[in-house]
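Chain order of the listed sequences is A and B.
Okay, so the first sequence: first residue is 1 according to this note's numbering, each after it adds one.
Okay, so the second sequence: first residue is 592 according to this note's numbering, each after it adds one.
Errors might be hidden in some of the hints.
[Stated by the list, open to error] Here chain B is said to cover these stretches of chain A; the calculated rule only asks that three of the stretch's residues, wherever they fall, bring their Cβ under 8 Å from a Cβ of chain B:
1) 256-268
2) 349-359
[To be verified] Cβ-Cβ distance ranges computed for the label pairs, FRET-style:
3) A:Gln-377 - B:Gly-697: 43 to 51 Å
4) B:Thr-696 - A:Ser-383: 34 to 42 Å
5) A:Ala-395 - B:Val-642: 53 to 61 Å
6) A:Ser-383 - B:Ser-918: 41 to 49 Å
7) B:Gly-819 - A:Glu-273: 51 to 59 Å
8) B:Arg-647 - A:Pro-382: 45 to 53 Å
9) A:Gly-498 - B:Leu-771: 43 to 51 Å
10) B:Leu-807 - A:Glu-325: 24 to 32 Å
11) B:Val-642 - A:Glu-539: 55 to 63 Å
12) A:Ser-383 - B:Thr-623: 17 to 25 Å
13) B:Leu-771 - A:Glu-325: 34 to 42 Å
14) A:Glu-273 - B:Ser-655: 28 to 36 Å
15) A:Glu-273 - B:Val-916: 33 to 41 Å
16) B:Ser-655 - A:Pro-92: 44 to 52 Å
Hints are computed from structural coordinates only; laboratory data are not their basis.
Idealized CB from N, CA, C, for every residue including glycine.
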Amino acid sequence: MKVIARLTLHVCLLAGACFAAAPIPEAASPGEEIARMADVSGHYGGHLTIGQRAEPRTLNPVTATDAVSREVIGRLMGDLIEINRSSQQTEPALAKSWKISPDGRTFTLQLRKGIRFSDGHPFDADDVLFSFNVYMDEAVDSPQRDLLIIDGKPILVTKLDQYTVRFALPRPYAAAERLFDGLAMLPKHLLEKQYHEGHFAQAWSLNVQASEVAGLGPFRLKQYVPGQRVVVERNPYYWKVDQKNQRLPYLDELVFLFVGTEDAQVMRFEAGETDIISRLSSENYNLLSREKSRVGSQLADIGPSLEYNFLVFNLNDLSGKKLNEVAGKQAWFSDLKFRQAISAAVDRESIVRLVYGTRGAALWGNVGPGNKLWINQTIPHPSRSVETARQLLKAAGYSWNAAGQLLDATRQPVEFSIITSSSNSQRMKMAILLQDDLSHLGMQVHVVPLEFRAMIDRVFQSFDYDAAMMGLGGGDADPNPEMNVWAFSGTSHLWHLGETKPATDWERELDQLMQQQMVTLDYAKRKQLYDRAQQLIAENLPFIFLGTPNILAGANARVGNFHPALLDPYTLWNADELYVRGPGLENAGVR
Amino acid sequence: MRTRTAILVVLLAGLHLVLLFAGFFAPYDPTTQNRELPYAPPTRVHFKDSVGFHLRPFVYVWTSGLGGDQPDSYQGSYQEDRSHEYPVQFFVSGTSYKFLGIYETGTHLFGVAEPGKVLLFGTDGYGRDELSRVLVGGQISVAAGITATFIALLAGSILGVIAGYYGRWIDESLMGITELFLSLPWLYFLLGVRAFLPLHLSTIRTFFLLTGVIGLIGWARPARLVRGVVLSARNRNYVLASRGFGGSDFYLLRRHILPETFGVLLTQAALLVPRYIAAEVTLSFFGLGVNEPVPSWGNMLSTLQQYSVLVSYGWLLAPACALVVTSVIYSSIADIFHSRLKSYST
Numbered sequence: 001m002k003v004i005a006r007l008t009l010h011v012c013l014l015a016g017a018c019f020a021a022a023p024i025p026e027a028a029s030p031g032e033e034i035a036r037m038a039d040v041s042g043h044y045g046g047h048l049t050i051g052q053r054a055e056p057r058t059l060n061p062v063t064a065t066d067a068v069s070r071e072v073i074g075r076l077m078g079d080l081i082e083i084n085r086s087s088q089q090t091e092p093a094l095a096k097s098w099k100i101s102p103d104g105r106t107f108t109l110q111l112r113k114g115i116r117f118s119d120g121h122p123f124d125a126d127d128v129l130f131s132f133n134v135y136m137d138e139a140v141d142s143p144q145r146d147l148l149i150i151d152g153k154p155i156l157v158t159k160l161d162q163y164t165v166r167f168a169l170p171r172p173y174a175a176a177e178r179l180f181d182g183l184a185m186l187p188k189h190l191l192e193k194q195y196h197e198g199h200f201a202q203a204w205s206l207n208v209q210a211s212e213v214a215g216l217g218p219f220r221l222k223q224y225v226p227g228q229r230v231v232v233e234r235n236p237y238y239w240k241v242d243q244k245n246q247r248l249p250y251l252d253e254l255v256f257l258f259v260g261t262e263d264a265q266v267m268r269f270e271a272g273e274t275d276i277i278s279r280l281s282s283e284n285y286n287l288l289s290r291e292k293s294r295v296g297s298q299l300a301d302i303g304p305s306l307e308y309n310f311l312v313f314n315l316n317d318l319s320g321k322k323l324n325e326v327a328g329k330q331a332w333f334s335d336l337k338f339r340q341a342i343s344a345a346v347d348r349e350s351i352v353r354l355v356y357g358t359r360g361a362a363l364w365g366n367v368g369p370g371n372k373l374w375i376n377q378t379i380p381h382p383s384r385s386v387e388t389a390r391q392l393l394k395a396a397g398y399s400w401n402a403a404g405q406l407l408d409a410t411r412q413p414v415e416f417s418i419i420t421s422s423s424n425s426q427r428m429k430m431a432i433l434l435q436d437d438l439s440h441l442g443m444q445v446h447v448v449p450l451e452f453r454a455m456i457d458r459v460f461q462s463f464d465y466d467a468a469m470m471g472l473g474g475g476d477a478d479p480n481p482e483m484n485v486w487a488f489s490g491t492s493h494l495w496h497l498g499e500t501k502p503a504t505d506w507e508r509e510l511d512q513l514m515q516q517q518m519v520t521l522d523y524a525k526r527k528q529l530y531d532r533a534q535q536l537i538a539e540n541l542p543f544i545f546l547g548t549p550n551i552l553a554g555a556n557a558r559v560g561n562f563h564p565a566l567l568d569p570y571t572l573w574n575a576d577e578l579y580v581r582g583p584g585l586e587n588a589g590v591r
Numbered sequence: 592m593r594t595r596t597a598i599l600v601v602l603l604a605g606l607h608l609v610l611l612f613a614g615f616f617a618p619y620d621p622t623t624q625n626r627e628l629p630y631a632p633p634t635r636v637h638f639k640d641s642v643g644f645h646l647r648p649f650v651y652v653w654t655s656g657l658g659g660d661q662p663d664s665y666q667g668s669y670q671e672d673r674s675h676e677y678p679v680q681f682f683v684s685g686t687s688y689k690f691l692g693i694y695e696t697g698t699h700l701f702g703v704a705e706p707g708k709v710l711l712f713g714t715d716g717y718g719r720d721e722l723s724r725v726l727v728g729g730q731i732s733v734a735a736g737i738t739a740t741f742i743a744l745l746a747g748s749i750l751g752v753i754a755g756y757y758g759r760w761i762d763e764s765l766m767g768i769t770e771l772f773l774s775l776p777w778l779y780f781l782l783g784v785r786a787f788l789p790l791h792l793s794t795i796r797t798f799f800l801l802t803g804v805i806g807l808i809g810w811a812r813p814a815r816l817v818r819g820v821v822l823s824a825r826n827r828n829y830v831l832a833s834r835g836f837g838g839s840d841f842y843l844l845r846r847h848i849l850p851e852t853f854g855v856l857l858t859q860a861a862l863l864v865p866r867y868i869a870a871e872v873t874l875s876f877f878g879l880g881v882n883e884p885v886p887s888w889g890n891m892l893s894t895l896q897q898y899s900v901l902v903s904y905g906w907l908l909a910p911a912c913a914l915v916v917t918s919v920i921y922s923s924i925a926d927i928f929h930s931r932l933k934s935y936s937t
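Isolated chain B (complex conformation) (with noise of 0.2 Å):
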């Protein structure tokens, strides 16, 4: 059990940490488009070569055989050019990015000289590196998650810790819309309010607009969890021996019954993140959310919407498998968090 804990506490971190510097451990910039590579496969890493064994790696580059008077599909057209090879170097200046989005540098955790191209994931369509864009993407789509998971749960608990502590009319009227929001069949109601914003928004505004509007909705679930612990501690006797003694309203709620709350909160927290990922992606999937050419795990995605791409290319599945990763890592925490918490309270 311990060392489950730590071990998916490390790659929690991990996970967030490699998100978080995504500049840096990205080889290249998501956007720049190499024309002459569309559809490239991953790069193999070499060790061997004709010569024998060597410690640092390296890699050739992608040639294509298209184009001429042979036109034909690019799969499977690529072909190691093996006149020349490329260590990978590590440490390297690339093109620059805001390290943290403050500070601007350049160095990159790992690159090869040019003209060559370590594309470890592969590229998509318009030759753009799919490692840099699944990291950089992955900050979008993660950061878009955390953000709307902290909204709904801020909400959710203002509104729960009302509802629970004051009771009678308020309590109903606000479990009374909780009601109302928890029958919204939100896919379609995100949907409907995305068309109704304006066009063409930044990428900033766009990632406030969609975490706003998924958090506001997701705000109920967690408001009833709240409500229900509050509606219990509030009675326990040595809350009402405090308020016997004086206690304020506040301070009732802050020393004793808000506290109650976090292990619901937490819990919810892990098993909401994962779930607004995923609402990100389904409304950038769909063309809603983040726009071309900034990257997020649902935009690159779509373009797995058409059959042909979908069988052919397969390493364009590489931000399906982060999502995968991610939300198992998330819930396996909720679970831990579940199980802490109910032999806590028995």
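Just chain A, with the same shape it has in the complex (with noise of 0.2 Å):
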């Protein structure tokens, strides 16, 4: 009996075995231009988990706006152009060279030739141009569009021979290589149909069947278990060879597990059921290396991250609005010297101590230390004196009562709010560092903890706050994306938002400068345009900066090749690289 039972099983196990066999990396074909990663070394096989905050949303790259969908589709997908996660460079992917005209204003690519979808049908200029159709289409509304629409006009690409295409500007624009990254190429021949018929927002959903999902990315569509997870597998035609010229990925396949919350992610690392976690808090960071030996992992500190997080005083204007009593507090927030002395009264040495545990930075700009090409280290970084605030606060006309209550020139207590949200509770401690700090001055400050949604909404639309915790920023090294805060016109010029010209001098030149530096393509003279815009930043303060956590990641210490990096995604940038390392490492004791 027990005889039957155990073949059965063997029986069992091997079918399982063949149906779960990846596919095999195809041998290079003639004339395919295959990108040769000199350093880059590992095995075959093996799979890997990672736990995910909630389910994707679709796999549609064009559609796609939430960060869960984009880390799935990321893996499926590839681009013409890449920025390096880890040298912050750009450097050639399915576009294996590219040409700058004089002007800045046209870029020629040269497509590698040869290559294939994961599906096996050849890619080459006429899916670029549909790719390109695609995100420029109104009527698709993909959250790509606003990039490839300057001045109000598109990008003209046009095909010069089957691997050539050209991409003419309306005007210089620095740094318009980086565009192309996050630009996902499409397969022509599996969405135009789609796209004709005009329902190509409904293409790939979750549930399409996953021979009709292709992509140029390291992996491919295997599986999609509704609540559970997607299975990505081994793309067999990937367009990457190692040193030893063995087709990459290494991997098998890649499963994201919908797990929910953060805390949720990590106890399932801890558990051993998912190998990669990434954007971890530092207490979490902190608990996971304790339990490091047990759970055999690898943890990394990769330094202070590209975001900044700040108090924003509400400077908007109010006229129209029934909000009488925040427009009494704005002759406060509006005048520089009330600004500067909060800033000089926050203790940002102890939020960096308690807020991130040490593991941060503390702020004085826009520009943190994790950005290295586009710091302006001349910005002085002052540490905390309450005297300097008193007497900049005296200086502007401020006063004390008996009971140590500020009070401005018309005798009024000085009393506001802080906004924040109340699913981030690294702002929220930091605001209560911040009441305490503003204490000192004799300033009441109340914390207001809000939903998320609440929140944005107040600082969006309603103009209904006071002063708001807020964090922006991250998304990538360069400046460009940071135009949406300093040009006056931004959307996410929070302090004032919607202006219809520059409301101070200060932002004016602001606004000209961040315009000036985008159609500048020299590096230095860009360099010089923005360190003279972080200094207006500095000085004028439009926001308190406080801080900025650094980027914590970990991997089971059996994935090879783990390099985190400062640019999303932090960990599965390199997921073709990734691999399993073979028992030895489990038998040496790790476990």
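Since each chain sits alone in its own frame, please combine them into the complex, following the hints.
Next comes the structure, spelled out in structure tokens:
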């Protein structure tokens, strides 16, 4: 009886193994222009599991907006030019080379010849043309469309031959090659029909047949189990090989498991159910580092991120809104000395220590120490001084009553509230530290935790708030994504949204600097402009900059080539190079 | 039975005295941050040192090895600095507080000389003394529970008496309304109500809004119970006799009917207080109640929503323990009232 049971088990296992077998990497065909990664080595086999906070909404790279969907889609798709997450520089991807015309307006891209989509269909200039048509189509409403429409004019894309494409920009655009990162190339043969029938937005939803999805990324869709996981398997036609000319990726499969919250991600990782975890809070990082030897994990602290957390005062135009109370407080908020006093009173060192558990950095400007290419090193870092703050307030006409309360020039006590997202415990903590810091100036500050959407609504729509604790940045190291914050008409010009003309002289100068750097092609000149912009921001304090957390990530010890980076996606950007270390290491006693 | 009752009454009185004089029993101001001591574990109280045994207990200061080139977790990084002993002193002067809310004083039951710190329940993430926060927070949470109970019972008994005594359509419509209130999912209702209120309110106003809302939602159950008692009492022979002698409605209610409801009301009070304390805790836990930096058991517990805090710093569960103790005392009292009531009526 036992023997039969064991035999059946063996048969089942064998059958299972056959069904589960991942596609075998294709041998290189003649004329195929493969990218050789000279410093990458590893070996084939195995799978890794990643815990996600939510379920992806779609697999459509053109319409996806949420980070979770993009994390999956990014593994399935390829871009023409990529930003290397480790060096933060652009490097050739599907385009093996490119030329920029001297006036900076024309880009000519040479595509790799002979490479194929994950379903075996060849890739050429027609796919590129089709993809850009889709991205720029107003009816599709892609979030990437804004990037491709410059000064209201679209980028002109022309096919020169089967493997050469030219992009003509309406005006010079600094670092335009960075635009190509994140624009996935679509398979014309699979999507053209749906596009012409007008329901492109519905294409590649999660319940699509795996055979209908193909891309140029290292993996291809294998299976989606609703509410549980998305499984992707090796793309046997992927266009990169390692130093031994083995076609990448090494992994057979990558499994995206939907686990829910950040805490659930940590618990799954602790239990060994998932292999990679990124964007850890310092508390969870410390928790995992204590359990490092038990779980058998490798943890990485990459240093300060590109995100900046800050306090912003409501300087919006409130005329026509029934917000007299807020409007009355704007006399304080618009006073530079008032903002300087607050910046001087903030104990940034404590924020780094108590909020980030020393795994973070204090900030005095919008560019932090993580962005080595662009940071203006001359911006001063004054340490906390309640005395300086009091002098600044005194000079601005403020006084204190017998109880130590701060009074403004009209003898009104200074009292305001800070709204913050209740789901972000780090910003919540910052607000409470700030509340205590400002009480030393005699200011009465209330911390109001709000549900994230309610808070965003107040900041962007109703303007019914005094001050808000927020965070921005982190997308790319380049200054261009910052345009929407510092240009006066920008959509994230948080302290004064919807300006029709710059409200102050420094805002005018800042806007001009940002516009100029966008059309300046020379790095040194651009840096000069951006340095001045940073100086203006630090001097005029539209935001009171506080701090930035370090990027903290972890992986199981058996994951090879684990090189987390400062840019999103922090850990999976080199998914094609990740591999599972052999049994040798596990026997060596890590577990 | 007697001794059990006595013990419970002493416990109940003790609990409320400690909370009433929280400022005196708390060694520190509950909002003062000690930024060099986040998540410090409870201070150990020593009696013995290298010299020998001391009758007066003493403590050492915590020093953390954190900082410099060795950044790591605060957990486990604290060590006692044994170079200096700080004897625990009683009736020391410290930060001032309002005694009973009127008289300003700075005397605390116990303390140690600065820079020593006696942190019997450890500190939270901002280095605030957890014991002082539990005591002052308890003052707010328990007062909210009692006030809300009072409001609920007052409203409930008035409406219950009216319904039970006058009967007919008044009874039917009032009882219809109680059914509506009883079927409300009250937690979601409270969350909804709080969301409509203005953004920042002073602690006092938040407190009264909270208790008002909790109390006004909770009147339905006591109203039904009171109505039942009144309904049976008003047809008793002595009530009918009194009415026959020309007693007015008000006289009948005051003299004969209301006393009948006291037992029910007392039991209800003992049951409702811990429930409403928990309601305040729930609302503050979700950030809808008392705001930082003022402590309440609910907003103190809300930091434990983070998994890493929950598993690393066990002493932050102190408010939960306090809540459990308070609830157990109150429900035991309710138990006694209930059994008394039963033996009385049979």
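Pairwise beta carbon distance, Glu-273 (chain A) to Val-916 (chain B), judged against the given window 33 to 41 Å: holds, 38 Å
Distance restraint hint 24 to 32 Å, applied to the beta-carbon atoms of Leu-807 (chain B) and Glu-325 (chain A): holds, 28 Å
Gln-377 (chain A) paired with Gly-697 (chain B), Cβ distance criterion 43 to 51 Å: For Gln-377 (chain A) and Gly-697 (chain B) the Cβ distance comes to about 49 Å; the hint holds.
Distance restraint evaluation - Val-642 (chain B), Glu-539 (chain A), Cβ atoms, bounds 55 to 63 Å: holds, 60 Å
CB-CB spacing for Val-642 (chain B) and Ala-395 (chain A) relative to the 53 to 61 Å hint: Holds - the Cβ-Cβ distance for Ala-395 (chain A) and Val-642 (chain B), about 56 Å, lies within 53 to 61 Å.
Assertion that chain B covers the segment 256-268 of chain A - criterion: three or more residues, beta-carbon distance below 8 Å: holds (count 3)
Distance restraint hint 34 to 42 Å, applied to the beta-carbon atoms of Leu-771 (chain B) and Glu-325 (chain A): Once the Cβ atoms are compared, 36 Å apart, the range 34 to 42 Å for Glu-325 (chain A) and Leu-771 (chain B) holds.
Satisfaction of the hinted span 17 to 25 Å by the C-beta atoms belonging to Ser-383 (chain A) and Thr-623 (chain B): Since the Cβ atoms of Ser-383 (chain A) and Thr-623 (chain B) sit about 22 Å apart, the hinted range of 17 to 25 Å holds.
Range hint compliance [Cβ, Glu-273 (chain A) to Ser-655 (chain B), 28 to 36 Å]: For Ser-655 (chain B) against Glu-273 (chain A), whose Cβ atoms are near 34 Å apart, the range 28 to 36 Å holds.
Distance restraint hint 43 to 51 Å, applied to the beta-carbon atoms of Gly-498 (chain A) and Leu-771 (chain B): About 45 Å separates the Cβ atoms of Gly-498 (chain A) and Leu-771 (chain B), which means 43 to 51 Å holds.
Pairwise beta carbon distance, Arg-647 (chain B) to Pro-382 (chain A), judged against the given window 45 to 53 Å: Since Arg-647 (chain B) and Pro-382 (chain A) have Cβ atoms about 46 Å apart, the given range 45 to 53 Å holds.
Range agreement (Cβ of Ser-918 (chain B) with Cβ of Ser-383 (chain A), hint 41 to 49 Å): holds, 48 Å
Hint check: no violations occur; every hint is consistent with the structure.
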